[in-house]
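Enquirer: Could you use the hints to bring the two separately framed chains together as a complex?
Below are the chains, spelled out letter by letter.
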Amino acid sequence: MEILLQQIINGLVLGSMYALVALGYTMVYGIINLINFAHGEVLMVGALTSWTIISLMQSSMPGTPGWIILIIAMLISCVVAAALNFVIEKVAYRPLRNSPKLAPMLTAMGMSILLQTLAMIIWKPNYKPYPTLLPSAPFNIGGAVITPTQIMILGLTAVSLAALMYLVNHTKLGRAMRATAENPRVAALMGVKPDMVISATFIIGAVLATIAGMMYASNYGTVQHTMGFLPGLKAFTAAVFGGIGNLAGAVVGGILLGLIESIGSGYIGALTGGLLGSHYSDIFAFIVLIFVLTLRPSGLLGERVADRA
Amino acid sequence: MKQNKTVVFLASAAALLILPLILQGFGNAWVRIADMALLYVLLALGLNIVVGYAGLLDLGYVAFFAVGAYMYGLLASPHLTDTFPALAAMFPNGLHMPLWVIIPAGAGLAGLFGMLLGAPTLKLRGDYLAIVTLGFGEIIRVFMNNLDHPVNITNGPKGLNQIDAIRFFGIDLGKPLSVGGFELSSVSLYYYLFLALVVISVVISHRLQVSRIGRAWMAIREDEIAAKAMGINTRNMKLLAFGMGATFGGVSGVMFGSFQGFVSPESFSLMESVMIVAMVVLGGIGHLPGVILGAVLLSALPEVLRYVAGPLQAMTDGRLDSAILRQLLIALAMIVVMLMRPRGLWPAPEHGKSLQGK
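Protein chains in written order, with our numbering: chain A, 820 to 1128; chain U, 401 to 758.
If you're looking for bench data, these hints aren't it; they were derived computationally from the structure. Note that the coordinates shown come from a computational prediction; the quantities given were computed from them, not determined experimentally. Mixed in with the good hints there might be a few duds.
[To be verified] Covered stretches of chain A (in silico footprint by chain U; criterion: 3 or more residues with CB under 8 angstroms from a CB of chain U, positions within the stretch not fixed):
hint: 1; region: 933–942
hint: 2; region: 975–983
[Stated by the list, open to error] No farther apart than 27 angstroms at their CA atoms in a straight line, the calculated lysine-lysine pairs in the DSS-like style are these:
hint: 3; chain 1: U; residue 1: K558; chain 2: A; residue 2: K947
hint: 4; chain 1: U; residue 1: K558; chain 2: A; residue 2: K920
hint: 5; chain 1: A; residue 1: K909; chain 2: A; residue 2: K920
[Said to hold, decoys possible] Away from chain U, derived, C-beta distances all over 10 angstroms, residues of chain A:
hint: 6; residue: I822
hint: 7; residue: S878
hint: 8; residue: N1002
hint: 9; residue: G1010
We treat Cβ as the ideally placed atom computed from N, Cα and C, and that holds for glycine.
Only chain U is shown next, with the shape it has when bound in the complex (with noise of 0.2 angstroms):
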């Protein structure tokens, strides 16, 4: 039984680490249909320990993730210097920080943010905490949009643009590299990049689940007054959620800005905010293999489904295009999925019953 797993283990490792060069084979397009899911990974993932931990309803989750790649365009992009002239004598060469100031800065600043949207809203019941964060998540978004004037910092809704790729141990993310004769694409590149941070969130995730501080945060989740009497710090337990979730979308806006190489206000919309949600709760709530299947499903499906559109397109004239079709594959998915499976695709076990399967 154990060897087994072992083995299964091992293949699937194998199998994500030769995806991209398969992929590749069919065209770059592809690889970055995987590496979006990785990212959105990502997102779940740290949006499921504030929702599937410690049970609070973030809608403005995308904030952080705007907070994150926002942070990276603006110190790895021509755009500050080119609106400061004192920053540019300071930065002769452009202002270009390197990886390893940008991402604890974003994930940071992020959690800070976390924090300072936590700190108000930690009285409120659920369905309060949910819309405040929502308008967080709005404001954040209308600052975005209009910071570009008196002062412009964040260029409004054009958006910063010519942000660096990722560079590091002088290898540039931003260029094809061939290793013995092969050729591994860019995005390639960012795929094995995304695929690291994903395995390290997943183990930050399961050490976090299984330690004091998550049997903290599932017990709040249960029964807060309950978890309260039991000596746990509710509130410094769930700022900690707020931030530590802030933290992982704002590592993931840092890898978003530079593989793009482009940001804007419209990137973080509401939608995308509910897509995270969506995928954390379609996956199975605090169970983190849910978590990932739901992520992969909602943002990987659509997008291979984008490429028979074609058809129906031309069926319909116009009016059934791929962005529409994906937007109502979505929405349909959210429905079907919940209506027949209301604990997610893969739940976790309930408490009890794992133990009755050995």
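Only chain A is shown next, with the shape it has when bound in the complex (with noise of 0.2 angstroms):
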């Protein structure tokens, strides 16, 4: 029983880090189209500027509470992914809008490749040791333990969708966007800037990923120049899990993922004898997903649209 508890704790983290991220490749599908293949390596970048802004600020202010030095790390490492999304999109995606639909989707793997060799020229390819800025007691909840970065992660996740829900549903700016998603041609006739929209949409998911990014590097301890892959590739199966252009179904998809692959890596060993161990966890994600799309095609909130093939 306190492994559930201790494994649904560890779910619902890792599934609102992948909830995070997959918000950030729904929004984008759902007004381009396009499965942003760079959008992990935002994260990475995220992490890893985070990372030189905390050992920066620890070596030159030390003494400054962890908590401050958290948020100012990370109010700058989004707007640093959020400049470099809107210039990944600005350069690799705009240009070729109305071209065949394999270009754009290739510069987004191009762009994927190029941010990791570079992140690995800028940063060296060790792995980095990511200092923990919260105090590490953890605390006992019937006999499973959760960390105060845990218990932060959770509370970032929740303060984070709040704002994405009401920005979305309650301002000029999320109305344009749903307006965009739901038909361009139109919503630019209706005086909307296609353009700005776009724009505004991969700032809104960069910064997204960068939380996202920093609380897996605060969960795990280590930052790297490969850390985005793993992170992007769930995310992104926990978006077409949920119904890939939905945003409801990219929360939900996302926590799902998490619990499945928490649970199912922690009961595994035990249910087939010790045959298959644990580290069989990352393929769950996919098991998962290619029997829900064969049952559900859309995905679990998906609408059912007409097949564009």
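Expert: Written out as structure tokens, the structure is:
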């Protein structure tokens, strides 16, 4: 029972990070129908930038409380990542908006490799320990433990989601975004500037990815230039799982995926009599995905759209 | 006009045949680059059937490559007989299956995997298909990495080694062969084998393209619902495309396994799948000369540039080594080429326009 509770806590923490990244994928997909393969790399750049800032601040201003450093690092990294994503969209995706569909996808993949390589050159390829800024004494809940970092992750996710929901549902920009996702041409006729909406989408996506990246880094305690790949892939899976283009779907998909992965890898050893170990955890995501898509080709919450092949 | 074409054709055929003999003079490393380029051409041609003709975006193509390579690795290396004494008793001289068994087996198994993957994914729209195939590629890699216990089948991350070189008609491609006093190195022999396979694949691809099946694929690519309405059995056609593409991948995998003499999960990462997709799209999707051009450029050019990386590396105190430079070049090529020529370097002539030229 305690194991189950523990795995649920871990799953929620993992799932909320997936959810934040998945939102970035799903918003971009909803508006320009592009799988932004470079999104995981934006997460990585955000996390590495925050690492640099935290190290700088810790050495130059010793004695500053951890949470202040964390907030400042988060603000600066968000700005850096947002600027980066803005430039990526402008350079690599915008000129190709009316090209064959595979063209922007390929530039996205190219961007992903490019960012990874550049990050490797700038930050060197070794694993870097990510400092723990919050107190590390864990709390006990019915036999399971939860660290302050994990509480922060859950809280921050809730706050980010609330802010995003408000932005999308109750502001002028949000309405413009929804209109563009529905029908870009008609939205443009109504006075919405599609370019501006798309840029805003990329900026919001980058901010969410950076927050997720810093969470990921503080949860696992290391940063490296390849750290964006797996969360990016899983988050995209989560977005598809929930129904791509659907914001609520991304959150549900992300959290479910986190839970499935963590509970699955906690029990697979016992279930198969030690035949399969927890190193198979990475494939849960994909097996679940294949099953869900076979039964519901448009994802859990996705609407059924006509096949455009 | 017609005669001109024949001359060009004969000249390029001769050039391709002499190429390894010239490269050999500069060192076998250069022939190796040519060999790998041909292997990538083979892979790109296979993926072109799935992505280019049928319009199904497959991001896990490298999985079929892996299936072929591991198939050969298992059936022609001491690994299985070492782990299973029962097998060792059955094959006292070691397990060295001949090529004639392994190529059909590798092709068949990969084709089967292709159909297996295709079956549940046929209903999916393009982008969903992309992510499922990507997941499939990762699943295969995770299994290759972890199937070393409880029963050691793939030998885990260490991979399989001591894989036999290809042997047929008494020729051992692992050893240099001397023809009339001229020494042909092992890599040059592989070059001719791969070249022959590429030629066969080009012929098959071309025949497919102009056949009833090829036209059905292209109809599905352009508009699936219309294709269905025209009486095309879209399900079977898509499965066939998956199976055919995977078969090409399987055969290339067998070739790769024997050429390297060693296979490990590392060679079959997502990066490889992305590379193959990039070759097809960069060259000119669905257009054979374009696909070949893309494969040769993306595989050979970065390798060649590695040789000029030395000074650059010295300038940047080691941060910019050749592997990084190669990645950087591939990434830049993908972005720049797509921005300048969104339909690829050498795209297929557009419908209707090709007639006006004549």
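Enquirer: Taking the hints in turn, state whether each one holds.
Expert: Structure-based check of each hint:
no.	hint	result
1	933–942	holds (count 6)
2	975–983	violated (count 0)
3	U:K558 x A:K947	holds (26 angstroms)
4	U:K558 x A:K920	violated (39 angstroms)
5	A:K909 x A:K920	holds (17 angstroms)
6	I822	holds (22 angstroms)
7	S878	holds (23 angstroms)
8	N1002	holds (19 angstroms)
9	G1010	holds (29 angstroms)
Of the numbered hints listed earlier, those contradicted by the structure are 2, 4.
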